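The listed protein sequences derive, respectively, from chains A and B. Just so you know, the numbering used here puts 1496 at position 13 of the first sequence, and the rest follows in order with no gaps. Just so you know, the numbering used here puts 1653 at position 170 of the second sequence, and the rest follows in order with no gaps.
You may find that some hints are simply not true.
Each pair may be met inside one copy or between any two copies, as identical chains are not told apart.
What the hints assert, rightly or not - Taking lysine-lysine and the BS3-like style, the derived pairs with C-alpha atoms no more than 27 Å apart in a straight line are:
| hint | residue 1 | residue 2 |
| --- | --- | --- |
| 1 | LYS1691 | LYS1659 |
| 2 | LYS1515 | LYS1652 |
| 3 | LYS1551 | LYS1519 |
| 4 | LYS1540 | LYS1551 |
| 5 | LYS1630 | LYS1545 |
| 6 | LYS1630 | LYS1648 |
| 7 | LYS1691 | LYS1652 |
| 8 | LYS1545 | LYS1487 |
| 9 | LYS1551 | LYS1679 |
| 10 | LYS1691 | LYS1679 |
| 11 | LYS1540 | LYS1679 |
| 12 | LYS1679 | LYS1652 |
| 13 | LYS1630 | LYS1551 |
| 14 | LYS1630 | LYS1659 |
| 15 | LYS1486 | LYS1679 |
| 16 | LYS1545 | LYS1652 |
| 17 | LYS1659 | LYS1486 |
I should point out that these hints are in silico values taken from the structure, not numbers from a laboratory. Note that the coordinates shown come from a computational prediction; the quantities given were computed from them, not determined experimentally.
2 protein chains.
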Amino acid sequence: MQKKSELLATSLLFNGLPAEQLSKIAAIAVGKHYPKGATIFHEGDPGIGFYLVANGKVKIFKTSFDGKEQILHIFGAGEPFGEVPVFYGSPFPANATTLSDAELYFFPRNEFVDLVTATPSLALNMLAVLALRLRRFAAQIENLSLKEVPGRLASHLRYLMEEQKRRDKVVLDIPKGQLASLLGTSAETLSRIFGKMSEDGLIRVEGKTIVILDPNGLQEH
Amino acid sequence: MQKKSELLATSLLFNGLPAEQLSKIAAIAVGKHYPKGATIFHEGDPGIGFYLVANGKVKIFKTSFDGKEQILHIFGAGEPFGEVPVFYGSPFPANATTLSDAELYFFPRNEFVDLVTATPSLALNMLAVLALRLRRFAAQIENLSLKEVPGRLASHLRYLMEEQKRRDKVVLDIPKGQLASLLGTSAETLSRIFGKMSEDGLIRVEGKTIVILDPNGLQEH
DNA sequence: TTTTGTTTTTGATCTAGGTCAAAGAAAGAA
DNA sequence: TTCTTTCTTTGACCTAGATCAAAAACAAAA
């Protein structure tokens, strides 16, 4: 139980809460293990609570009638997901699947709402989490509708540079096919764009490692 | 002041709060009038508070370097906007402009955060508002990336049928060019799709009124 | 290693829908 | 009304990127 509240304390959601609150929160969390590729929930399932990633990676996605998928988010350690039904209406708006073996904490809706009601700083943290997510969605809509695929890839690479705090290279943490689905394109097109950017001397692709040769050129796209 | 808290009471955000709270909320709201086409804020401006539409219509949108615009939301009476910076970081993630003459209430950040902290049910209402908005964004991303333009138009028409509670016809509340920008396409393409759907006997276009001839056929798209 | 399954790349082809230009229709303003 | 200004439609053309098919490269397991 010690380790559990330690992880919780590092997340944006439970950040800054006093130890006393943290242990109450830890008390209602149920740990669950999922193998790689497991379904956590489907779009339309009733949302009886939300999850927090302890370790591993989870994708949230929509699928079209003909099987194409669009990834909305990829969440890693410390990030919560599936909160929408907790605060507004019942069914999950999208599907959730693990991208690797994963350990998750599940927070049942009613208990959690009680905690939020009793703990103003938890409520403000949750508001911050949702506000950040809205900001990310706005950026994703901008990318999908106002930028072409090279521009979307460029902004994703800049995002990874930021996240991994490197100016010279980044490592893709998901297969290229999944990246294509996140950027709203096909694996074939993404592969061609990687090729084009290499030709143009912007990057060098070495498997999952992308060497950034021209950070400024990347801005342009 | 009486009228003000009456309007507030009808909004999802302040719904169900006791009169005492409502008057406190009304006390910090500052009324402002904007003419049609006025800019309320730009992307990147510091967010010192949020707004609620008393009457009129407001669009929230992103623009590309070459001037194309993508509308993220259109808000009418009773709907709040610009809350993201209140709860997470400072700058507005998008632009806001009036689509008609509009009366807005402005809520300064600090005072409002104090109220939220002191009023659990207000916090839960705000969480519901943001959760609903996430759900809408997820649907918009799905539309942009998994559906073609006819499908997007069809789901917008179904949305209007729902909203206006009519099965036989709906009235567009914005110009067709703005609708194109909301659906992530151009005015020309939208016009052609309206034409095609009319040919196919799905709808009949009479100016801003769209007569729904075949609700089931509309489902298909 | 060799085998088998999964990613990734490459080639060839096709089309939805963007863009440019201009004409028509509506809607306000004078 | 008549004049402007803003919306909407139509025509002609063009390209980003999807799709299909198949080879190649990797990775995991036997």
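(request) Check LYS1515 against LYS1652 for me: Cα-Cα at most 27 Å, and say if that holds within a copy, between copies, both or neither. (result) neither (35 Å within a copy, 49 Å between copies)
(request) Can you give me the call for LYS1630 and LYS1648, within, between, both or neither, at a CA distance of at most 27 Å? (result) The answer is within: 25 Å in one copy meets 27 Å, while 36 Å across copies does not.
(message) As a check of your reading, is LYS1630 near LYS1545 (CA-CA no more than 27 Å) within one copy, between copies, both or neither?
(response) Answer is both: 21 Å inside a copy and 11 Å across each meet the 27 Å cutoff.
(request) Using 27 Å as the alpha carbon limit, work out where LYS1691 and LYS1659 are close: within a copy, between copies, both or neither. (result) Within one copy only: 8 Å inside, 45 Å across.
(request) Using 27 Å as the alpha carbon limit, work out where LYS1630 and LYS1659 are close: within a copy, between copies, both or neither. (result) both (19 Å within a copy, 23 Å between copies)
(request) Using 27 Å as the alpha carbon limit, work out where LYS1551 and LYS1519 are close: within a copy, between copies, both or neither. (result) Result: close within a single copy only, 20 Å intra versus 41 Å inter.
(request) Up to 27 Å between alpha-carbons, please classify LYS1540 paired with LYS1679: within, between, both or neither. (result) neither (30 Å within a copy, 44 Å between copies)
(request) Tell me, please, which holds for LYS1679 and LYS1652 at an alpha-carbon limit of 27 Å: within, between, both or neither? (result) Within. Shortest intra-copy distance 18 Å satisfies the 27 Å Cα cut-off; inter-copy 49 Å does not.
(message) I want to check one pair: LYS1630 and LYS1551. Are their C-alpha atoms no more than 27 Å apart within a copy, between two copies, both, or neither?
(response) both (20 Å within a copy, 10 Å between copies)
(message) Regarding LYS1545 and LYS1652, is the shortest C-alpha distance of 27 Å or less found within a copy, between copies, in both, or in neither?
(response) Classified as neither; 31 Å inside a copy, 30 Å across copies.
(request) Up to 27 Å between alpha-carbons, please classify LYS1545 paired with LYS1487: within, between, both or neither. (result) neither (31 Å within a copy, 40 Å between copies)
(message) Regarding LYS1691 and LYS1679, is the shortest C-alpha distance of 27 Å or less found within a copy, between copies, in both, or in neither?
(response) Result: close within a single copy only, 17 Å intra versus 45 Å inter.
In summary, the numbered hints that this structure violates are 2, 8, 11, 15, 16, 17.
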